[in-house]
Amino acid sequence: MHTPALSPPSHAEQDLLRDYDNLFRIMYNYPPYLDGINIADAYVQCKSLLTLADQYDALAVVGPRVDHHLLQFQSRLWKQIAKYPISYLRLGYLARSRIIFQESLIHVVGQWPAGERSIRAALPESVLDIIEDKVDELEETVSRIEARLFRLTLTNRSGERVTPATNYLDWLAVSLFRQWLADNTTPPMPPIPERRGQRDTAASRARGGSSSSNASAAGGLLSNGRPGGHALVSVPPLASLGRTYRMLGAGPSADKGYLSHDECKRFLKLTPDLYSRDNLRRFEKRIEELKSMAREVVRPLMGSGLELEMGPGGRDAAGIAYLTCTTCSDRDLPWNYD
Numbered sequence: 000m001h002t003p004a005l006s007p008p009s010h011a012e013q014d015l016l017r018d019y020d021n022l023f024r025i026m027y028n029y030p031p032y033l034d035g036i037n038i039a040d041a042y043v044q045c046k047s048l049l050t051l052a053d054q055y056d057a058l059a060v061v062g063p064r065v066d067h068h069l070l071q072f073q074s075r076l077w078k079q080i081a082k083y084p085i086s087y088l089r090l091g092y093l094a095r096s097r098i099i100f101q102e103s104l105i106h107v108v109g110q111w112p113a114g115e116r117s118i119r120a121a122l123p124e125s126v127l128d129i130i131e132d133k134v135d136e137l138e139e140t141v142s143r144i145e146a147r148l149f150r151l152t153l154t155n156r157s158g159e160r161v162t163p164a165t166n167y168l169d170w171l172a173v174s175l176f177r178q179w180l181a182d183n184t185t186p187p188m189p190p191i192p193e194r195r196g197q198r199d200t201a202a203s204r205a206r207g208g209s210s211s212s213n214a215s216a217a218g219g220l221l222s223n224g225r226p227g228g229h230a231l232v233s234v235p236p237l238a239s240l241g242r243t244y245r246m247l248g249a250g251p252s253a254d255k256g257y258l259s260h261d262e263c264k265r266f267l268k269l270t271p272d273l274y275s276r277d278n279l280r281r282f283e284k285r286i287e288e289l290k291s292m293a294r295e296v297v298r299p300l301m302g303s304g305l306e307l308e309m310g311p312g313g314r315d316a317a318g319i320a321y322l323t324c325t326t327c328s329d330r331d332l333p334w335n336y337d
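Residue 0 is where the sequence shown starts when you use numbering that gives the first Met the number 0, and the numbers rise one by one after that.
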């Protein structure tokens, strides 16, 4: 009797066979077959293997092997985590990899609330609790430092704070610095929704009629049902604040990015009676003093808990501009409580 030839396995079947093969190899203390050259392929294989191991309650056995394999990529791994922190946060959680989980967590916290919906769908509540605790801690630190920045001032030779009455030029330098700080730590005001009465009136006018009664009934209410006036000011996300604080914390050679010579010149020209070469030179010198004080104030935010090497101004080759000073200890690892 002739037996029909079996069709070759599909890609999905081949991947599943590979995962089972690796699962059994690890269980019998043999090294798994995982890509050691292409980190993107290695990630896909490790993720698939961990998902299978989770079905068989074998994460405690498989996780350390996956962790060991991925950590061999070193700098390439850190760069991949920076690009896909949420994906690696889940992988680090399944593999119980402290280093991968911590690296991913720092990126997630620094960019919060970006990716919040994906994280809620992919990870358990215990991980969300850790993220939110770390976000709260970072926001509290940022708030304290922001208050100190707004209190920075200049003093005269007698050690007294400058005022419009004692030294108007120096006081203008303080005012410009504080205005820049306010502009860069406050989110733009959301557009004020058009009032319903205004819309009805506009529609009525388009029809050639009148709708004063509708306008009167809706007066004082915005389209979202809140009392009329101004929309509530939202808190800026940590990522946008991070860019500002990285600018403030940059070294002397890199801090020309804000309140530069041209900006100071344009500002001082707004008061023609004060504008001169000597006054501009003094004004810029006082601005530099404020910048120097600001660098010291924001220093606690400039640290990095990442394995990824950060370049000047806290940026790496990928252009990271958010804060990466979050720390993660053993008590912050979710599997210690699962």
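No lab work stands behind these hints: they were computed from the structure. One should not assume that every hint holds.
Unchecked claim - Ranges of calculated distance between the beta carbons of each label pair, as one might list FRET restraints: (1) R147 <-> A39: 42 to 48 Å; (2) S6 <-> R119: 22 to 28 Å; (3) S6 <-> G304: 28 to 34 Å; (4) L127 <-> D53: 17 to 23 Å; (5) E295 <-> H260: 57 to 63 Å; (6) D53 <-> N28: 17 to 23 Å.
Said to hold, decoys possible - In silico EDC-like cross-links for lysine to aspartate or glutamate, where the CA-CA straight-line distance does not exceed 16 Å: (7) K82 <-> E287; (8) K78 <-> D40; (9) K268 <-> E306; (10) K290 <-> E262; (11) K264 <-> E287; (12) K264 <-> D277; (13) K284 <-> E262; (14) K268 <-> E288; (15) K264 <-> E306; (16) K284 <-> D272; (17) K290 <-> E145; (18) K264 <-> E283.
Beta carbons: idealized from backbone N, C-alpha and C, even for Gly.
Each hint tested on the structure:
1. R147 <-> A39: 42 to 48 Å: 43 Å, holds
2. S6 <-> R119: 22 to 28 Å: For S6 and R119 the Cβ distance comes to about 41 Å; the hint is violated.
3. S6 <-> G304: 28 to 34 Å: About 51 Å separates the Cβ atoms of S6 and G304, which means 28 to 34 Å is violated.
4. L127 <-> D53: 17 to 23 Å: 19 Å, holds
5. E295 <-> H260: 57 to 63 Å: Distance hint for E295, H260 is violated at roughly 23 Å.
6. D53 <-> N28: 17 to 23 Å: 20 Å, holds
7. K82 <-> E287: 35 Å, violated
8. K78 <-> D40: 15 Å, holds
9. K268 <-> E306: Violated, at about 47 Å.
10. K290 <-> E262: The given pair, whose Cα atoms are some 14 Å apart, holds under the 16 Å limit.
11. K264 <-> E287: 14 Å, holds
12. K264 <-> D277: 12 Å, holds
13. K284 <-> E262: Holds, at about 13 Å.
14. K268 <-> E288: 21 Å, violated
15. K264 <-> E306: Between K264 and E306 the Cα gap is close to 41 Å, so the pair fails against 16 Å, i.e. violated.
16. K284 <-> D272: Roughly 19 Å between the alpha carbons, so the hint for K284 and D272 is violated.
17. K290 <-> E145: 14 Å, holds
18. K264 <-> E283: The given pair, whose Cα atoms are some 9 Å apart, holds under the 16 Å limit.
Checked against the numbered hints above, the structure breaks hints 2, 3, 5, 7, 9, 14, 15, 16 and satisfies the rest.
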